[in-house]
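Asker: Assemble the whole structure, with the sequences as input and the hints as a guide.
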Amino acid sequence: MSRVRSPLVSLIVLVLLLAFAGLASLLGKSPPSQPPSVRKTPSPAATEASGTQSSLAGLLQVHFIDVGQGDSTLIITPDGKAALIDGGELDSGAVRYLRTVGVEKLDLVVNTHPHSDHLGGLIEVLQTIPVARVAAGRQESTSSLYEKFLDAVDASKARYVEVQRGQTLSLGKLELKVLSPPDGSSTGDLNGASVVLRLVYGKTAFLFMGDADKEAEKAILDAGLDVQANVLKVGHHASRSSSSPEFLARVRPEVAIYFAGKGNPFGHPHAETLAALRAVKARIYGTDTAGTIVVTADGNGYTVRGRQ
Amino acid sequence: MNEKAVIDRFEEQWAVLLVGEGSRQLVVPRQSLPPDAAEGQWLRVQVEGGKLLSAVVDGEETDLRRRRISEKRARLLHRSCLQELRARLRKEGAEDDGKTG
Numbered sequence: 001m002s003r004v005r006s007p008l009v010s011l012i013v014l015v016l017l018l019a020f021a022g023l024a025s026l027l028g029k030s031p032p033s034q035p036p037s038v039r040k041t042p043s044p045a046a047t048e049a050s051g052t053q054s055s056l057a058g059l060l061q062v063h064f065i066d067v068g069q070g071d072s073t074l075i076i077t078p079d080g081k082a083a084l085i086d087g088g089e090l091d092s093g094a095v096r097y098l099r100t101v102g103v104e105k106l107d108l109v110v111n112t113h114p115h116s117d118h119l120g121g122l123i124e125v126l127q128t129i130p131v132a133r134v135a136a137g138r139q140e141s142t143s144s145l146y147e148k149f150l151d152a153v154d155a156s157k158a159r160y161v162e163v164q165r166g167q168t169l170s171l172g173k174l175e176l177k178v179l180s181p182p183d184g185s186s187t188g189d190l191n192g193a194s195v196v197l198r199l200v201y202g203k204t205a206f207l208f209m210g211d212a213d214k215e216a217e218k219a220i221l222d223a224g225l226d227v228q229a230n231v232l233k234v235g236h237h238a239s240r241s242s243s244s245p246e247f248l249a250r251v252r253p254e255v256a257i258y259f260a261g262k263g264n265p266f267g268h269p270h271a272e273t274l275a276a277l278r279a280v281k282a283r284i285y286g287t288d289t290a291g292t293i294v295v296t297a298d299g300n301g302y303t304v305r306g307r308q
Numbered sequence: 001m002n003e004k005a006v007i008d009r010f011e012e013q014w015a016v017l018l019v020g021e022g023s024r025q026l027v028v029p030r031q032s033l034p035p036d037a038a039e040g041q042w043l044r045v046q047v048e049g050g051k052l053l054s055a056v057v058d059g060e061e062t063d064l065r066r067r068r069i070s071e072k073r074a075r076l077l078h079r080s081c082l083q084e085l086r087a088r089l090r091k092e093g094a095e096d097d098g099k100t101g
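Protein chains in written order, with the numbering used here: chain A, 1 to 308; chain B, 1 to 101.
Any given hint might turn out to be false.
Claimed, not checked - One-sided and incomplete, this derived list gives chain B residues near chain A with beta-carbon spacing under 8 Å:
1. Arg9
2. Glu11
3. Glu12
4. Val16
5. Gln25
6. Val27
7. Gly40
8. Arg65
9. Ser70
10. Leu76
11. Glu84
Honestly, the hints are just simulated from the structure, not real lab data.
From a predicted model like this one, the values you see are computed outputs, not experimental measurements.
From the three backbone atoms N, C-alpha and C, an ideal C-beta is built for every residue, glycine too.
Answerer: Now the structure itself:
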């Protein structure tokens, strides 16, 4: 038996050595190419929900899903890859929405930070929809939902990576650039450690802020990163903790989209944040008043569907 | 009834508690919690009719959860690392086969 086992043991030792010898650089890179994750022909239900008959070819779609008081953003690339950034609260309805628009599997799931209004809904997503890769920040939580999330990632067999500034997450032919959190373990609160992502498709740039606060915004600017975005997912439900005038001046958003539940107890969105967004002449959309908002980009320009 | 709860987060003067194993949520004024209460801390709480009657920090529970979760996360990262490596080796193997064949 020992003869049979020893090559295997050597292999395992080799694998472990390699694993510890700085494989972090391998993480966050692209998975093997796979067929599209989205049905090419939208079902009648999907057509009804999205209100469009056009084929997905050549179009990038970003759905800001109305999940009440929480964040959930679905990205469908021109080559039919699908990513979900956050999932709203537990049983938020994100899974139902994904099914309605014909998403049968997810190439990437991102949890920007482990607060319940971003994390909870991802548990059901991981339990019901095949997921290839899960990306998160490095800040751990002690919450019951975070533990359930880790259990669900483990059971799903998805690859789990933790990302930081300077890395990219590939999604088909597109790339999500990680602008934050910075290198090293953060000691700040979970909002400040949010994964911030920038996506460029042709002439249209998107910036997804998670719940990043003004301090994180300043750190991103200090790092000299390009933050310009036509479409900004406003940080932290348009709370006054985020969206400093200095940061918005550099982002120069034409469209600003925030997630908030109608009548939420926290008073999101805050009036001064909406004023700051208006000051940079952004057209503002919120899920509390518009419901789900869909931005469709063709590489040259984009359209927004939703009540302003 | 005495129950376990975790402080999921603070939203200015509010605290969001996940009661039990997380399926029940309670938003309470921050000042109704002990002054040393922090994000991620576990509490023993008394809740009646959706109202928080009392809350005490439970350091032991916090430590227990932190240890268990850290372990799970490390295991998951390790497993994913091996997965990634195996995929790389397979891919390189396939490329080598392509060259020689």
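Asker: Does B:Arg65 meet its interface restraint, that is, does its C-beta lie within less than 8 Å of any C-beta in chain A?
Answerer: Because about 5 Å separates B:Arg65 from the closest Cβ in chain A, which is inside the 8 Å limit, the hint holds.
Asker: Hint B:Glu11 vs chain A: min CB-CB distance below 8 Å?
Answerer: 4 Å, holds
Asker: Let me know if the C-beta of B:Arg9 comes in closer than 8 Å to any C-beta of chain A, holds or violated.
Answerer: 5 Å, holds
Asker: Have a go at the B:Glu12 hint: is there a Cβ in chain A nearer than 8 Å to its own Cβ?
Answerer: Holds, because the Cβ-Cβ distance from B:Glu12 to chain A comes to roughly 7 Å (cut-off 8 Å).
Asker: With chain A as the partner, please determine if B:Val16 meets the hint condition of a C-beta pair closer than 8 Å.
Answerer: 7 Å, holds
Asker: With 8 Å as the cut and Cβ atoms as the points, is B:Val27 at the interface with chain A?
Answerer: 5 Å, holds
Asker: For the hint on B:Leu76, does the least C-beta distance to chain A fall short of 8 Å?
Answerer: 5 Å, holds
Asker: Grab the minimum C-beta distance from B:Ser70 to chain A and call the hint holds if it beats 8 Å, violated otherwise.
Answerer: 6 Å, holds
Asker: Report holds or violated for the interface hint on B:Gly40, using the least CB-CB distance to chain A and a cut-off of 8 Å.
Answerer: Interface hint status for B:Gly40: holds (4 Å vs cutoff 8 Å).
Asker: With 8 Å as the cut and Cβ atoms as the points, is B:Glu84 at the interface with chain A?
Answerer: Interface hint status for B:Glu84: holds (5 Å vs cutoff 8 Å).
Asker: If you take the shortest Cβ to Cβ gap from B:Gln25 to chain A, is it below 8 Å?
Answerer: 7 Å, holds
Hint violations for this structure: none, all hints satisfied.
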